[in-house]
Each structure stands twice: as structure tokens, then as C-alpha cells.
Amino acid sequence: MNALYALIMVLALVIIPLLGAGAAGWHVLFGVIVPYLAFIAFVLGFIYRVVLWGRSAVPFKIPTTAGQQQSFPWIRRSRIDNPSTRAGVVVRMILEVLLFRSLFRNARVRLFREGPQLSYGSSKFLWLGALAFHVSFFVILARHMRFFTEPVPVLFNWMETLDGIMQVGVPTLFATEIVILLALAYLLLRRLIDSKLRYISLPTDYFALFLLFAIVISGVLMRYFLRVDIVDIKTLSMGLIQLQPEVPDSVGVMFYTHLFLVCSLLVYFPWSKLMHLAGVFFSPTRNLPNDNRMRRHVNPWNYPVKVHTYEEWENEYRDKLKEAGIPVEKE
Amino acid sequence: MANPPSTDTVVKSIDYTMPRTDWMEDIPPQFIPNNYSNPAKPDQLEYFFGYKGAKEWLPTHEDWQLPENWQEIIYEGFRERLEKYRSLKVFMDICVRCGACADKCHYFIGSGDPKNMPVLRAELLRSIYRKDFTTVGRILGKLSGGRKLTKEVIKEWYMYFYQCTECRRCSLFCPYGIDTAEITMLARELLNLVGIQTDWIMAPVINSFNVGNHIGIPPHTFKDIVDFMVDDIEELTGKRIDPPINKKGAEILFIPPSGDYFADPGTYTFMGYLMLFHELGLDYTLSTYAAEGGNFGLFTSHEAMKRLNAKMYAEAQRLGVKWILGGECGHMWRVVNQYMDTLNGPADFLEVPRSPITGTVFQNASSTKMVHITEFTADLIRNNVLNLDPSRNDNKRVTYHDSCNPARAMGLFEEPRYVINNVCNHFYEMPEQTIRERTFCCGSGAGLNNDEFMEMRMRGGMPRANAVKQVHDQYDVNMLACICAIDRVVFPPLMDYWVPGVDVTGVHELVANALVMRGEKERETDLRGEPLPGKEG
Numbered sequence: 001m002n003a004l005y006a007l008i009m010v011l012a013l014v015i016i017p018l019l020g021a022g023a024a025g026w027h028v029l030f031g032v033i034v035p036y037l038a039f040i041a042f043v044l045g046f047i048y049r050v051v052l053w054g055r056s057a058v059p060f061k062i063p064t065t066a067g068q069q070q071s072f073p074w075i076r077r078s079r080i081d082n083p084s085t086r087a088g089v090v091v092r093m094i095l096e097v098l099l100f101r102s103l104f105r106n107a108r109v110r111l112f113r114e115g116p117q118l119s120y121g122s123s124k125f126l127w128l129g130a131l132a133f134h135v136s137f138f139v140i141l142a143r144h145m146r147f148f149t150e151p152v153p154v155l156f157n158w159m160e161t162l163d164g165i166m167q168v169g170v171p172t173l174f175a176t177e178i179v180i181l182l183a184l185a186y187l188l189l190r191r192l193i194d195s196k197l198r199y200i201s202l203p204t205d206y207f208a209l210f211l212l213f214a215i216v217i218s219g220v221l222m223r224y225f226l227r228v229d230i231v232d233i234k235t236l237s238m239g240l241i242q243l244q245p246e247v248p249d250s251v252g253v254m255f256y257t258h259l260f261l262v263c264s265l266l267v268y269f270p271w272s273k274l275m276h277l278a279g280v281f282f283s284p285t286r287n288l289p290n291d292n293r294m295r296r297h298v299n300p301w302n303y304p305v306k307v308h309t310y311e312e313w314e315n316e317y318r319d320k321l322k323e324a325g326i327p328v329e330k331e
Numbered sequence: 001m002a003n004p005p006s007t008d009t010v011v012k013s014i015d016y017t018m019p020r021t022d023w024m025e026d027i028p029p030q031f032i033p034n035n036y037s038n039p040a041k042p043d044q045l046e047y048f049f050g051y052k053g054a055k056e057w058l059p060t061h062e063d064w065q066l067p068e069n070w071q072e073i074i075y076e077g078f079r080e081r082l083e084k085y086r087s088l089k090v091f092m093d094i095c096v097r098c099g100a101c102a103d104k105c106h107y108f109i110g111s112g113d114p115k116n117m118p119v120l121r122a123e124l125l126r127s128i129y130r131k132d133f134t135t136v137g138r139i140l141g142k143l144s145g146g147r148k149l150t151k152e153v154i155k156e157w158y159m160y161f162y163q164c165t166e167c168r169r170c171s172l173f174c175p176y177g178i179d180t181a182e183i184t185m186l187a188r189e190l191l192n193l194v195g196i197q198t199d200w201i202m203a204p205v206i207n208s209f210n211v212g213n214h215i216g217i218p219p220h221t222f223k224d225i226v227d228f229m230v231d232d233i234e235e236l237t238g239k240r241i242d243p244p245i246n247k248k249g250a251e252i253l254f255i256p257p258s259g260d261y262f263a264d265p266g267t268y269t270f271m272g273y274l275m276l277f278h279e280l281g282l283d284y285t286l287s288t289y290a291a292e293g294g295n296f297g298l299f300t301s302h303e304a305m306k307r308l309n310a311k312m313y314a315e316a317q318r319l320g321v322k323w324i325l326g327g328e329c330g331h332m333w334r335v336v337n338q339y340m341d342t343l344n345g346p347a348d349f350l351e352v353p354r355s356p357i358t359g360t361v362f363q364n365a366s367s368t369k370m371v372h373i374t375e376f377t378a379d380l381i382r383n384n385v386l387n388l389d390p391s392r393n394d395n396k397r398v399t400y401h402d403s404c405n406p407a408r409a410m411g412l413f414e415e416p417r418y419v420i421n422n423v424c425n426h427f428y429e430m431p432e433q434t435i436r437e438r439t440f441c442c443g444s445g446a447g448l449n450n451d452e453f454m455e456m457r458m459r460g461g462m463p464r465a466n467a468v469k470q471v472h473d474q475y476d477v478n479m480l481a482c483i484c485a486i487d488r489v490v491f492p493p494l495m496d497y498w499v500p501g502v503d504v505t506g507v508h509e510l511v512a513n514a515l516v517m518r519g520e521k522e523r524e525t526d527l528r529g530e531p532l533p534g535k536e537g
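Going down the list, the protein sequences come from chains U and B.
If you count the first sequence from 1, position 210 lands on 210 in our numbering, and the numbers rise without skipping.
If you count the second sequence from 1, position 312 lands on 312 in our numbering, and the numbers rise without skipping.
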């Protein structure tokens, strides 16, 4: 049911440009105004969310320690999984953000009722699927930079050559397009098939996946099947970035659909779970060193509390203390 | 205490297939004996928190006697905590429900209850956050995963935030490090605000505050207990020792968890500390004011934690010691390592800890000035200052349980192992996925070690017990060592239930068994009075 809601929402987003840019021919709206507004919404929304996180205090240093602490020189410490230095934290964060270190630990539990016996099998598919999705998304995003640069920096050209290294088809098939479709299919299917995942999934979880699917599919259609004029598209994109928008006539409705879906993603992004992109950097169990006993962490709102002082306590127990021969402050 | 059902019944009841219904509609939860903790009494809440107007209630009642403006109180409390804790705000925002944490929780593994999946436990709170604190949630409501705060939600919170032991195992596997312990701690704070709390947590908190330890042992009785132990030690070793209590000017203040002087087998560990200190001629003191390392405040609220923890530094200052040594306790070390200095420091009246025996400076405790006893002892052994006879532990085939907090809030893995390997000849590790940072909770932490919760404790302890069973079957392991006083209280029934034939010990009980004291008589038995290997006849 949740998946269905999400699918309907994404289909609605597909229909809007088909009608608006296709049937009604509002090219300026869909080619210029919507992209500008979406971009502004993305930037402002993103900053707003990050600023909100930044405004919340970090009262305690609570890293999850995933390895040996620093104690003696003769005990090998885990510099990355239990960092006690800034540098260690930076490496930990890099591994977390680029290689999904924590997800790599994943293991699936199985209960054999005979025995009973619990076993923990390595389970790297989620890690692989997630990494495949994120890496191909990033490469695709970088490849698209050729639409916003003139001359195109050599880096983006290399990326494109590398991505098309299989040299299959005309135009050359990009590996990332296959990978991202497979990864998205995996991420979607596990939500639909695994009963635990189905139980925890919200409509928004499916919405993000369907929206990404729609973006990739519209892009693929445009590149391989409903050929669009790439020169015209570049005219449009360069115009947008140079703030001198110009709308060529022949870019075609599939392009507007693709663009509108990307705009939808931009607008949706800051208000959704997709903000994990920035949020992971703010996670206090990962971005703080385990040097608590070496360097005092200051809580900005630490306030005095009512305690039971020694004096009060001794007053209550003085006779008993003296009787038991335990030293007291006041005889 | 309601007896838990048989292990067979429990195992058969576990099913990891989820219902086909929507989780938001599966409320209220069913409170049945054995799956919840009894609520705190109104006078406890009024005494400690100054909470006015609390009334008697029971989880099985329809009406929980919430204050009239309870929604407003929760809302305000939530808003305040979102500003005070970036952790809460970020953890509310960034979960993608990838499900990596789902089968990492011992309560989920042992019960199959979907709301014990860490992701869903957090969603219980997150759904309210979305509805009340996010723009999208306000507009889209249920479509974006929001729901209204009703009295049923409060009941659900009570059920599931008191079925979480704050062990942080899920946070290890989360790609964003979302820490359910943090969420549970703050959810429990919110429940406090409307008078919902457990008796098993409030009673130790108040005892600890007033008397100085969880059980409420007054100072003169503490002295009696120590005297008893001194007699036992004399009988065992022929040596009379005299542990100092509240001694001004001692070099080191030693703070144990009270579980170690309250009940077996913790008491043997306590005797172990005393024997070791005597043998070293250590200039230390016990305290009857700061007689508790454990801190049930951690399971109540950050403020309660601070109020209880304050005694340690206060007593260290009053006695004029140079530094503090802490005993074998799990959650105590979460507080000491991650909170104490921030809450009650800076401890600039103390000195950087230095072992008076070996001269080793504990640089890793240079600010907090508190050292873990296994760090202290590992250093002693490394420097060869102890005369140890590990063969005295030869009748013990030992495995080691990494207690959650020293594991995932500290990273204390090698020190206790180093000690054990030097005092025992037969040590076997449990399966890799169940030890060190991946360790499984005892199932009774975070204030859930009460009798009325017994079935859930046995369920939650199943993954740990099952790992013990594997080394019991494979290597004949008969002794489970640990560095946590709650472990020592809750493992004996857990072992009896799942793995009969395995006993529980603290690391320093093993140390004391192996420790050859100067001028001692030939020992016939171990600390428990069991004959030593070769002396059975």
C-alpha cells in the first residue's frame, strides 16, 4: 500500500511536465523558471537544515567505540575504529562516508530451533547495493557537469570515457546506468520482499526510490531511444548557469520530463531522509574522538544540580559511623 | 516473580516474519506479566524529581493517570531536548530505514517482536517528531510517517523504551551511527516528565542518592560486610588484612559497584580487589559516602546521572586523594568514560593517575583522573610485580563476556583479556560475531534487571547465552568471566535457564585465586570454598 501511494505520487510528477511542457508547450516555465526555483529551494533548504543541526548543542562526547581504546603503548590500539585523535576521526569519517564502513559489518542472524542455535552469516549485499547506487549516482552527476562547463574540463571527459569503457552500442552504453538501475531495483525489491523491511518502510522510502528510478529511466530513454538534440540542451543548460537563459525549440518533452523530475528531487531533498548526505557528518557517535578521559568535553548548558552533600550525609549517619569506628569530620 | 516459560516454549514462539498490518495501527501494546517493569511510586517521583501530583497506576490499567496537560508537557520537553541534544535532532532526521539494525538487537532476536527492531523503536519517537516538529510531516501526516501523540503512544513508549538496555549494539552497524541508547535515554526523560518511570530504577537512584549505594546498605553495615570478607580471606590465606574506609590522605580512592559487596558471586570479586590491594601495600581507601560506582541515573535522566555521579569527585576532594580507581562495572564505565568529566569536572584538584607500584602514568585518564581496575592490574602484570599461579584456576574453563558499555563506550577489550590470560590456563573466546565491539547484552541492563521482567530478560539474554553454549559444548567451558556487577547478578539465572553448568565470575576473583600472597598459608580452596585443582580428595 505504502509503495502504491509513492508510485502514484511519482507518476503524477511525470504527468505534470508531459502535459505542461509537452501538450501546453510551456517551455520557459519548465526549462527556466522551475529549474531556477528548484535550485534555490535546494540550496536554501539544505543550508537551513544544516544550520538547524548546527544550532543544537553537543553536550556529551559519545562515540561508539568499535575497537581497542588507547591505553598502554604495549596494547595495540585501533586508531580508526576507536580514534583518540582528530586525524583518526577524519579517517573514520572518510571510511564511513565513502566506503560505508559500518554497513560493511552487517551480518544476518539465523535461528535454528534445534539446539537452539543462533548463527551470524556475513551479509554484504546491502552494503554492495548501497555502494553501487551511491557511486554510480555520483559518477552520473559528475558526467552531467559537461552540460554546465565550456570547455569541458578534462576530468569529466575522462570520467565519461571510463564509464563507457565497455564500448557497447551507439551511443556508447554507460556502465553506471546499468549499475544504478540494478542497484535501485535491489533496494526496492528488498523493501517489497523482506517482511521486516516491508514492515518498517514508509511511503517516503518508496517515493525516493521511485523518483530516482523515474529520473534514470527518463535519462536513459532520452539518450538511447528518443534521441534529443544534445547541442540544444547544452545551449539551455549553459544559458541557465550563465544567468542568460535561452530556450531552444527542439529539446523535446522527454528532456523536460527528466529535468522536472530532477527539480522535484532537488526540492524534496532538504525536507527528507535524503539529508543523510549531510547528516552523517553531524553524527556524534562517529564524528567525535574517544579521548574523553584525556580531554574534557564542555557541555554548553551544563547546570548545577541538587546533590546530597557529604555534610548532609554525615549528619544523617554520624552516630552509626562513630559506632562502627569510621572516621568523621565532626565529632 | 513469574517464572518464565520453558526454553522450548520460548524458542518456538520466536518468529521473525512480520505482521502484514501497519505498525502504527498495532497499538496499544499488550502488557502481560513478564514483559514489563513495575512503575515507580508517586512518593519516589516527588522525592527525587520534585514531581507533584503523581498518582498510582499500573501498566495493565486503562487509565495511566497522566497529568491533564500531558501532551503539552511532552511537546515542550521534546522541543527543549531537540535544542539541547544534536544527537537527538540528527537521529530523528536522517534514518533511511535501511534495516541494517533490525536483527542486531538481542530483544528482537529473542522475541521476534517487530517493535524491538532498533529502527522501529526509534520510529516510535520519530513518528511523533515528524508530525509535530517537521513542516512536511505537518502537511503530509501519515504519508510522511507522522502520527498523532495519543495516550496509546505513551503506553507504547513505556513498553519499548523499557525493553531497550541501551547497549548500543545497533549503533555499531548503523551507517549513520544512530544510537538507540541516546534515543531511549531521551524518551525515558520525556516519560519522566509525565510521571512514568519504573520502580526498579527509582529505588536504586534514591538509595544511591541518600545512602550511597543502590541497595541502601548504610555505612556501618558496609563495614560489617567488609569485616566478614576479611574473615573469609583470613580463613583462606591465613592473612589478616585491614581495608581502610573513609581514610583521609590516602593516595587512591577506590570505588566499586555496590553489586560486588552485596551478593554472590560479586562478593568474591570484591574480596579479589581487597586481596590485591593488600598484597601491593596500596595506599587506598574505600568510601561509604561514594560507595557506588554504578549509576542508575543513566537510565533515568542526564540530570539524575549527574546528581549521583557528583559524589565521586566530591569524596575524592574531601579525602584529599590523588586519583580514583574504579571497579568492575559496566554502565558505571559508560558514565565515567563518556560523561563524568563533562558533568562534574574539571577534576583539577586531582593528579594525573600514576601507579605507585609500577610508576606507569595513565595518560589516557589524564583529565578525568579515573582508572579502570583492569587497566591497573594489566599494568601490574605487565611489569611483573605480581606472583601469580594460574594453575589454581585450572578447574575453570573460562570464557569472557565483553560488557556492552566498556566495549562500545570505551573500547576496553585487551586489558581484561590480558589479565585473564595471565591468571588462567584455559581461556576460550566465544564466536567472533558475539564478542568485543559486537558483544551481546546480558539482556538485563539499563535498569531492567528486575524479577517481574524475567521472561524478557531470558529472551534478551538468549544471544549471549547461546554463544556461551557454543563454547560450553565445544570446549567444556564452565565459567563465564565478566567485568560488570549487573552481569554477575543476572548471568547466574540466565545460565541456569539456557546453559546449565556454567558459573559466573568477575575478573578479579580469578586474579585473587591465582595471586600468591606473601606469607600466605597453602590454600586448599578457591575464594568460593571449592577445592583447588589437585586438592579435591
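It is possible that part of the hints are untrue.
Pairwise CB distance ranges (calculated) [said to hold, decoys possible]: (1) B:Asn69 / U:Lys330: 44 to 54 Å; (2) U:Ala87 / B:Asn69: 31 to 41 Å; (3) U:Leu95 / B:Ile139: 54 to 64 Å.
Only pairs whose alpha carbons sit at most 25 Å apart, straight line, appear in this in silico DSS-like list of lysine-lysine [unchecked claim]: (4) U:Lys196 / B:Lys142; (5) U:Lys330 / B:Lys142; (6) B:Lys535 / B:Lys521.
Honestly, the hints are just simulated from the structure, not real lab data.
In this text, a Cβ means the ideal position worked out from N, Cα and C, and glycines have one as well.
Checklist entry - When the hints from earlier in the document are held up against this structure, which numbers fail? => result Of the numbered hints given earlier, those the structure breaks are 2, 3 and 5, listed in rising order.
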